[in-house]
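S.K.: If you want the building blocks of each chain, they are given just below.
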Amino acid sequence: MNLKKKNNRAWFLVLPVVVVVAFTAIIPLMTVANYSVQDIFSPTNRLYMGLDFFRQIATDPAIIAAFQRNLVFSTQILAIEIPLGIIIAKLMPRHGWKAAAALVIVAIPLIIPWNVVGTTWRVLARPDVGLLGVAINQFREFDIGNTPADAWFTMVLMDVWHWTPLVALLVYAGLRAIPDAYYQAASIDGASAMSVFRFVELPKLRRVLMIALLLRFMDSFMIYAEPYILTGGGPGTSTEVMSILLVVIAVIQFDLGKAAAFSLIYFLVIQIFSFIFFTVLTLDERPGATKKRNRTAESARDDVARAIGGSR
Amino acid sequence: MTTQAISITRIAKVGSYFDWRSWVFWLIMAVWSIPLLWLMSMSVRYNEDILSVFEIIPSRISFRAYAEFFNDPLWYGALINSLSYTTMNMVLSVAVALPAAYAFSRFTFSGDKHLFFWLLTNRMAPAAVFLLPFFQMYQALGLFDTNYAVALAHMLFNVPLAVWILEGFMSGVPRQLDEMAEIDGYSFGRFFITVFIPMIRAGIGVTAFFAFMFSWVELLIARTLTGPNAMPLAVQMATTSSATGLDWALLSAAGVIAIIPGVIVIWFVRNYIAKGFALGRV
Amino acid sequence: MATIRLENVAHSYDGGETYALKEFSMTWEDGKAYALLGPSGCGKTTLLNLMSGIVTPSQGRIYLDDVDITDKPTEQRNIAQVFQFPVLYDTMTVRRNLEFPLKNRKVPPERIEERVNYIAELLGLEDQLDVRPAKLRSDLQQIVSLGRGLVREDVAAILFDEPLTVIDQNFKWTLRTRLKRLHLATGVTLVYVTHDQTEALTFADDVLLMNDGEVVQVGSAEDLFLKPSHEFSGYFIGSPGMNFLDVTVDAGVVSSDGQHLGLATDASLSGAMRLGVRPEFVEPVTRGGVDMTVTKVENHGSFQIAQVSFGGHSLMAKVDSDIFVEVGQKRPFHFDSERTFLFQNKKAVSTVDTGSTKESR
Amino acid sequence: MSLELRGISLSDATDDLLYDVSAEFQKGMNVLVGPTLAGKTTLMRLMAGLVPPTEGQMFLNGIDITSKTARERSVSFVYQQFINYPAMSIFDNIASPLKVQKTKPSKAEIADRVEELAELLGLTPLLNRKPSQLSGGQQQRVAIARALARKSDIVLLDEPLANLDYKLREQLRDELQKIFSDADNVVIYSTAEPAEALDFGVKTFVLSRGRIIQEGSALNLYKEPTNIDVARVLSDPPINLVTSRRSGKKTTFGDASFSFSNDQLENRTEFTLGIHPHRISVERKSPQDVAFTGTVELAEVTGSLTYIHLELTTGEYVVIELDGAHTVNPDEAVTGYFHPKHLHGFDADTGMALFATTKVSG
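Residue numbers (our numbering), protein chains in the order written: chain A, 1 to 312; chain B, 1001 to 1282; chain C, 2001 to 2361; chain D, 3001 to 3362.
Any given hint could turn out to be false.
When the alpha-carbon atoms are kept at most 30 Å apart in a straight line, the in silico DSS-like pairs for lysine-lysine are as follows [stated by the list, open to error]:
#1 D:K3203 x C:K2296
#2 D:K3341 x C:K2296
#3 D:K3130 x D:K3107
#4 A:K98 x C:K2106
#5 A:K204 x C:K2106
#6 D:K3099 x A:K5
#7 B:K1113 x A:K204
Since the hints were derived computationally from the structure, they do not count as laboratory data.
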């Protein structure tokens, strides 16, 4: 029985959050919207541009290329991080102090500042003194500064190193929520480890994997710090993701109108995925989701059973 | 008596007595820690060795980089800036989020679902989108290049994060408890502080950790809203690394120091990390 | 089908300090229905887990048809288990769920087909075979998980760990009827754990009454009610439970502070003991018996509970609803002969002949 | 001391929960009985002041308390799920209602009161433990002790024993009876089990689908239910209900047809016959006994009693209660006998009672 009380006075409790987030989100978004439809030379001299900037964005090859790069980047990292995360989660010890130690060690990459990750991998990838660079250099020439493929490879590897632990921890939490009875039943049924994974674990991990997928997609789609420090978007524009390009347009080219329009489109794409994410997150909380108690006809026989079962 | 929970290892162990699963796991973790160990080894080597000699175990060790870090006001100042605005942000975010999370967890009110979703969209908003407006707004408010600017700006995604995680923890507390406290004669304030908050201590701890973490690792907004006076550690590292003639050892040392705050707290929230990232929904 | 034999099996989770299950031996006959009954924490689930192989006993051996299976893991024991909540493979239809154990044991396909159809019919699931189990009612879901055990021909026993716990109150009845009929139809040995007296006594041929890790008595519903061998059987079975009186026995003569109560059938007994009689067998009579005063009457409609006292003792009598009983009444009550017992340190040592018997109830 | 409800109705957005409930709860223990989802918890929460009624008023000793919130009322509540303050020790749990009073009693007075209650409910050795370290039964005792701490005017117990195993239920029921036997405040105990209502044997109110359909002593409700729902709810085990077709002087019961007349029947051709399971036996006891046959669906043994569930030729079900433990296998044919004077009659549509068992003398 959902005990949540209807109480509009609750707005007073929520007000501080609304004020703060409005100040930090709505006002800025309004200014962005404002810029996206006007060309501003000075505070007093502005020219209404209508949707002109948005058309420019839609046709700007650099932006389209960055968008495609982001898509490819997100798909590649998901294709690696989701399965790798599941494997690590499956291998993690479940009981005793080893489990606690494993949780901490797996989580370490997640608490390292994003710029430090970029710096570390930038050094690691140097062909002369970096461990990774030197190792690859033995076989083939490796230079992230000039060969786009090497830069892209390092960027993907860096992201896999940095964020696979998140997938592993989410899947691990999902696995630990599975009651032991399912494993006992599977062993009684003589199920092999493979079928335990396929028929017991995977179906129970559906929701957690959806959360991992969406969380990783959105974060990778918005990535800035790590590639910026690793390659600055180079060599050329081979690793120039949308965030880097947006900062270039807004801060370096100082083309406010175009940057604002680009920001709005970028923001809306993310909101679409946030909505899917919201539906998944609140999947079992929606009233419709919980089965309504169906009242079967009270046959005399059931009364007797209920009374006896309960009282004697 | 608890039934002895059988671990997954029992099923997968096909007769072999040596627990291959843990071996493979710790092997993967060893490989995973290479980048971090490399950073640490660089922080204790000489610059000339770093750039000329490829060696895995450093032949000569010196703590010059760390000493220089803690003597150069530019560096330790940046550390203090980072610590101050992240702590400020953490306290503000949790304080503001607590009553709101309680409202979302205990009441239905007009527009609650939409508000809850709107908060999520802010947590997921791309930081790059807010560069320009933040820059102008905080300059207009005269807050540019101060710790307050970054602390306030980071609330954009930390307050929604805090509301969601706290609401996740609060929904674990049965509603009948609130009613019983009301019946026993507790006023709302007294109940909230003396009964309810102690019950979600773990939740507040985890929320504070995640608010701290997201603010501590963020680079873009921190860089945009700070000049020389409020320069945080992350920005300091990013700007020096782009100039030629780098002091790699010092940069690595700064990197290692930047990891320490997270490592200290992570042990305490280890069981809630997944729950934190999934906004309290796992 | 096979017999399962436990030889001085015991188990402790903390290395011998406390025993979740005290030393115990028993042979579980093939085809019988057993119930492990007792309050929470009495060790009944531990005993069940020892049989299923989830827990290996600290001491003692377990045999299946004289084959030692003590150290065999669950998958190599011929048992199946139904848990407190329905454990099903959500991504499979009911048919695939039933086929699963046979497929894993590499049973030829046509044999699987045959077995699954036979069991489906037995369980009354013929027209639900191609449905996802999640759509079924909770009691039918439990039937499907039971089916996974019945389908296997090598199953020696099916274990039930409080299977009615999450079933909706109205459907507990249909599941109980189905389990009883299935037992009669299949003749598989069943071991059923519960803390509910009615579930245990209705379901099982023999009930193992347990308390604090000890198997206090093994017997049919009638034995536990009419011939309790331990004070706990008297207390736990029946509602309200057995009355107990401190008595002194002198060469078979039973009396309590001067009031003669009857003669112990074992004349050699003497010393301080406890007399136990169920409220059902404390009956108001017109003459004979012991004079008692009624101190309280509760009328339950179909029966009355009269609180009666004599010489500082007070006990309860279950009186038929049509008999007139009133607080303050002074009238004789007597204890039914074969239904009155003497207990010495908790164990029943003899019945008491109180000079009158009633046809067995 | 009395709590009076006048015309209380409550409906939330989706459906109506309570209709026109009027009742007066006197000093001491009162029992509110009804099947699950009848609205018991809703009514209890309403009386506690947690939910305001849509219509109607509440009077405590004649004073209108309808608009008073739970905090302003002198009320205590015990939930079904043993709700305690997990972060506090048992001592603080019991003392908390006293500590938050406006006129706070002294430390010593609080300590005495807590010790007195701990003694009453056997919690003395557990006072400095946390609730999570206690068993279900002990946790519920703590909740009851806290409810008694303040000697409030109204004490509400909402199915407090439902989650405990049956032996513990029996024990706690006796304890509650002793505690509240001479209470001078209004105690309301709600339950879904008829046995508990009959066990307490105090003034009982039957709630069904949001309405109080009858009130009176538990025994009287058992003997003379004015409505089929009361008969269903209150008798333990529930009364057998069989549709009976009447032609001329004869009326049917399963495959039996016997002469039966009662002026309430007038010219009804179909009505519902009710008979308590312990009024049916498997041997003929008197010449006027009526015999009917059925096949056994299942025999339920509770130790002291056996309930045989028979399927009649008409497809309806009837239960026979036998003393002692008997093993009867499914599908056996059984003949049942009953004396017509033990029959109840109800109107087939409205469920209103037509006649109850004629007074049995002696």
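S.K.: To test your reading of the hints: which numbers does this structure violate?
M.R.: Checked against the structure, the only hint that fails is number 4, while the rest are satisfied.
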